[in-house]
Amino acid sequence: FDSLLGSSSDSSNLWSSQGGCIRCVVTDLRTGESTASKTRAKCIKEQEEEGLLELDKKVAQLTASMAEADKNLARAERDEKQCKDQLEKSLKDIAKAKKILQEF
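Numbering (my numbering), first residue to last: -2 to 101.
Take these hints with a grain of salt, some might be off.
Computed beta-carbon distance windows for the label pairs [what the hints assert, rightly or not]:
#: 1; residue 1: Gly48; residue 2: Cys80; range: 44 to 50 Å
#: 2; residue 1: Ser62; residue 2: Ile97; range: 50 to 56 Å
#: 3; residue 1: Gly29; residue 2: Ser62; range: 48 to 54 Å
#: 4; residue 1: Leu59; residue 2: Leu98; range: 52 to 58 Å
#: 5; residue 1: Val23; residue 2: Gln44; range: 20 to 26 Å
#: 6; residue 1: Lys96; residue 2: Leu70; range: 35 to 41 Å
#: 7; residue 1: Gln44; residue 2: Asp82; range: 56 to 62 Å
#: 8; residue 1: Glu65; residue 2: Ser87; range: 29 to 35 Å
Please keep in mind that the hints were generated in silico from the structure rather than gathered at the bench.
Cβ coordinates follow ideal geometry from the N, Cα and C atoms, glycine included.
Between the sequences and the hints, there should be enough to build the whole structure, so can you do that?
What follows is the structure, encoded as structure tokens:
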């Protein structure tokens, strides 16, 4: 570090003045700023599109689950009505049987 920062007394002052932290800046020298900016924008757009596709898949799954739940609900309501109708018929049969028994 001494050769990069100067003399050892200068480097110790610099080191303590920065709280013992060294800043590092990385620059990509392989491409220009405009190309890098376009590449980042393209990457962000692709990531957002992938996210939207995932959301579309989840929506489709939830829609299918909801349709299945609606079918199950309709079946349960139909079964409940059949049970209710059967109960009413059975109660009428019991009342009729009691009446016949009383008359006998």
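Next item on the list: Kindly indicate which numbered hints from before are broken by the structure, ordering the numbers from low to high.
Entry: Structure breaks no hint.
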